[in-house]
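Engineer: The chain contents come next:
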Amino acid sequence: MKNIQTFAVLYMINEKAHFSMKSFDTDDAMNKMYEMIEYLDNGKAAVYAVSDEDETAGFAWVYPTVQQSERSLHIKALVVREDKRGRGLGQQLYRTIFNSAREEGINIIETWVDTGNIRARKLYDRIGFEPVMYQLVKKLLVQK
Amino acid sequence: MLIKRLNADDCEVYRNAIVRYIYESKNHAAYAAPFSFDDAEKKYGELKMYLNNGQAMVTGAIQCEKLVGFCWAYRYPFRDDKNRIYVSILHVDSAHRNRGIGNMLLSETEKAAAENGMDAVFLHTEAFNEGARRFYQRMGYREERIQLRKTITTQKSSENPAGGGIKSVLHS
Numbered sequence: 736m737k738n739i740q741t742f743a744v745l746y747m748i749n750e751k752a753h754f755s756m757k758s759f760d761t762d763d764a765m766n767k768m769y770e771m772i773e774y775l776d777n778g779k780a781a782v783y784a785v786s787d788e789d790e791t792a793g794f795a796w797v798y799p800t801v802q803q804s805e806r807s808l809h810i811k812a813l814v815v816r817e818d819k820r821g822r823g824l825g826q827q828l829y830r831t832i833f834n835s836a837r838e839e840g841i842n843i844i845e846t847w848v849d850t851g852n853i854r855a856r857k858l859y860d861r862i863g864f865e866p867v868m869y870q871l872v873k874k875l876l877v878q879k
Numbered sequence: 004m005l006i007k008r009l010n011a012d013d014c015e016v017y018r019n020a021i022v023r024y025i026y027e028s029k030n031h032a033a034y035a036a037p038f039s040f041d042d043a044e045k046k047y048g049e050l051k052m053y054l055n056n057g058q059a060m061v062t063g064a065i066q067c068e069k070l071v072g073f074c075w076a077y078r079y080p081f082r083d084d085k086n087r088i089y090v091s092i093l094h095v096d097s098a099h100r101n102r103g104i105g106n107m108l109l110s111e112t113e114k115a116a117a118e119n120g121m122d123a124v125f126l127h128t129e130a131f132n133e134g135a136r137r138f139y140q141r142m143g144y145r146e147e148r149i150q151l152r153k154t155i156t157t158q159k160s161s162e163n164p165a166g167g168g169i170k171s172v173l174h175s
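Listed in order, the protein sequences are those of chains A and B. Here the working numbering = 1-based position in the first sequence + 735. Here the working numbering = 1-based position in the second sequence + 3.
These aren't lab readings, by the way, just hints derived from the structure by calculation. One or more of the hints may lead you astray.
Unchecked claim - Calculated lysine to aspartate or glutamate pairs in the DMTMM-like style (CA-CA distance at most 25 angstroms, straight line):
no.	chain 1	residue 1	chain 2	residue 2
1	A	K874	B	E118
2	A	K873	B	E146
3	B	K45	B	D84
4	A	K874	A	E838
5	B	K69	B	D83
6	A	K811	B	E49
7	A	K751	A	E839
8	B	K85	A	D762
9	B	K85	B	E44
10	B	K85	A	D818
Unchecked claim - Derived CB-CB ranges, DEER-like:
no.	chain 1	residue 1	chain 2	residue 2	range
11	B	K85	A	D789	40 to 48 angstroms
12	A	E773	B	N86	46 to 54 angstroms
13	A	L876	B	R137	44 to 52 angstroms
14	B	M52	A	H753	37 to 45 angstroms
15	B	M52	A	T850	29 to 37 angstroms
16	B	R141	A	D789	31 to 39 angstroms
17	A	E817	B	E44	44 to 52 angstroms
Unchecked claim - Beyond 10 angstroms from chain B on every Cβ pair, some chain A residues (computed):
no.	residue
18	Q740
19	M747
20	T761
21	D762
22	Y798
23	P799
24	K811
25	R816
26	R837
27	D849
28	I862
29	P866
30	K874
Built from N, CA and C at the ideal position, the CB exists for glycine as well.
Excised from the complex, chain B in its bound form:
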């Protein structure tokens, strides 16, 4: 198993695997928005562009000359913390899971981030994905923010919503 930083040329070598992993990771979502193979191709184009202008950090796990997992991260500020790396995609081929590959990819990303003077790595994971949440907890990640969602009925509430005190601010 080889864990290494990939440049744009390396990515071209593993292009098919990367596009497939982007596709799989985007489709593994709770509110399955239709994310097509074309969308994955477009995302791959973005990845190359960001690699070429030095904004992306792509790490690959290579076994028998095949890419079995990859991590795509980039610098992204959060609030007053400007020195953060955001993990956009961390994906391991389903046939190669539970072998610590995700751990190695993420550790390598963290190491590179620290070497570049970054002070934190952050990411988003879906609430339903309990396996991922356990994994990140083991890796030393802690919860920072929660995205909440409510589906409302289309029936208008019968109570007076304004209660006299609410006004809509329409004009400046």
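Just chain A, with the same shape it has in the complex:
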């Protein structure tokens, strides 16, 4: 994977939504990408990139897992560059993921989405994903 920096930049977009403040920087993203490559090399993950006008515009990182004793494919990250959105590139990535799952004989696709990520939730809803689990949180009044 030559353009690891391109992927790291894309991964940053993905994580920016997850990590509120300072805590996820370029180094973290690069380390994540090295981790991803290691999984790729061990055959424990698959990565798909989508390009638009000869530029890498997005990518998806998936790996097989077992959920409630059924084999499923977990989408770890799926991101499309902000300026390349609305062109169906995300949907292309999903179709590719679905087809590769079929080839592996896996028919369950699973992922987590942040409640506040309305755009992603709408897309997931449109392509037929359904909620199975909610992560709930209660902030505590810390006694200091």
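Position chain B relative to chain A; hints supplied.
Structural biologist: This is chain B only, laid out in the frame that chain A set:
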């Protein structure tokens, strides 16, 4: 009704009830993975181990010397929030529900968490379990993430999935 933190010795006293509650709570799942009594016994072993090394926080509801509900929680970071407590199991005996026992167990867990300087308590609940979701909402919990799932047909899509633009990244 007595709500109290349980140590490993306390857990031994209520061992049978705890194993049964673990078993019941794990089998109350949408995609009923076979979770056997042996699995529950193993989980109980883990609970004791974590209690002994100080990583678990177990709270019990005791009535007439019987354990009628329990809560198993432990410290677990989520993203950049390192000071979080994760509720692994909160279970009340079916004969003792709707009496606020779950509320008391969870409140006690939250109180202990706050006293230990934690800033949040989080947990997972299944989408089909609307009663649980209402309960947690009443308790002041809000949705943070959603796990989504899709079952795909085994028939390969006839459209060209790649659309020319997709490539699989196989080598580093």
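Engineer: So, for every hint listed, does it hold in this structure?
Structural biologist: Each hint tested on the structure:
1. K874/A x E118/B: holds, 13 angstroms
2. K873/A x E146/B: holds, 9 angstroms
3. K45/B x D84/B: Violated. K45/B to D84/B sits at ~30 angstroms, over the 25 angstroms cutoff.
4. K874/A x E838/A: violated, 43 angstroms
5. K69/B x D83/B: violated, 40 angstroms
6. K811/A x E49/B: Not satisfied, since the Cα-Cα distance of roughly 28 angstroms exceeds 25 angstroms.
7. K751/A x E839/A: Given pair K751/A, E839/A is violated - Cα atoms ~32 angstroms apart, limit 25 angstroms.
8. K85/B x D762/A: Cα-Cα ~19 angstroms, so holds.
9. K85/B x E44/B: Not OK: K85/B and E44/B at ~30 angstroms, beyond 25 angstroms, violated.
10. K85/B x D818/A: The given pair, whose Cα atoms are some 33 angstroms apart, is violated under the 25 angstroms limit.
11. K85/B x D789/A: 40 to 48 angstroms: The hinted range 40 to 48 angstroms holds for K85/B and D789/A, with Cβ atoms some 42 angstroms apart.
12. E773/A x N86/B: 46 to 54 angstroms: The hint (46 to 54 angstroms, Cβ to Cβ) is violated, given that E773/A and N86/B are roughly 30 angstroms apart.
13. L876/A x R137/B: 44 to 52 angstroms: Roughly 23 angstroms apart at Cβ, these two residues miss the hinted range, so it is violated.
14. M52/B x H753/A: 37 to 45 angstroms: With Cβ atoms ~31 angstroms apart, the hint is violated.
15. M52/B x T850/A: 29 to 37 angstroms: For M52/B and T850/A the Cβ distance comes to about 34 angstroms; the hint holds.
16. R141/B x D789/A: 31 to 39 angstroms: Cβ of R141/B to Cβ of D789/A: about 54 angstroms, so the range 31 to 39 angstroms is violated.
17. E817/A x E44/B: 44 to 52 angstroms: 51 angstroms Cβ-Cβ, so the 44 to 52 angstroms window holds.
18. Q740: Since the minimum Cβ distance to chain B is about 13 angstroms, Q740/A lies beyond 10 angstroms and the statement holds.
19. M747: holds, 14 angstroms
20. T761: With a cut-off of 10 angstroms, T761/A remains clear of chain B, as the shortest Cβ separation is near 16 angstroms.
21. D762: Non-interface label stands for D762/A: nearest chain B Cβ at 15 angstroms, farther than 10 angstroms.
22. Y798: About 14 angstroms separates Y798/A from the closest Cβ of chain B, which puts it past 10 angstroms; holds.
23. P799: Given a closest Cβ separation of 14 angstroms, the condition holds.
24. K811: holds, 13 angstroms
25. R816: At roughly 13 angstroms from the nearest Cβ of chain B, R816/A sits farther out than 10 angstroms, so the non-interface label holds.
26. R837: violated, 6 angstroms
27. D849: violated, 6 angstroms
28. I862: At roughly 7 angstroms from the nearest Cβ of chain B, I862/A sits no farther out than 10 angstroms, so the non-interface label is violated.
29. P866: violated, 4 angstroms
30. K874: violated, 5 angstroms
Of the hints listed earlier, those the structure fails to meet are numbers 3, 4, 5, 6, 7, 9, 10, 12, 13, 14, 16, 26, 27, 28, 29 and 30, in rising order.
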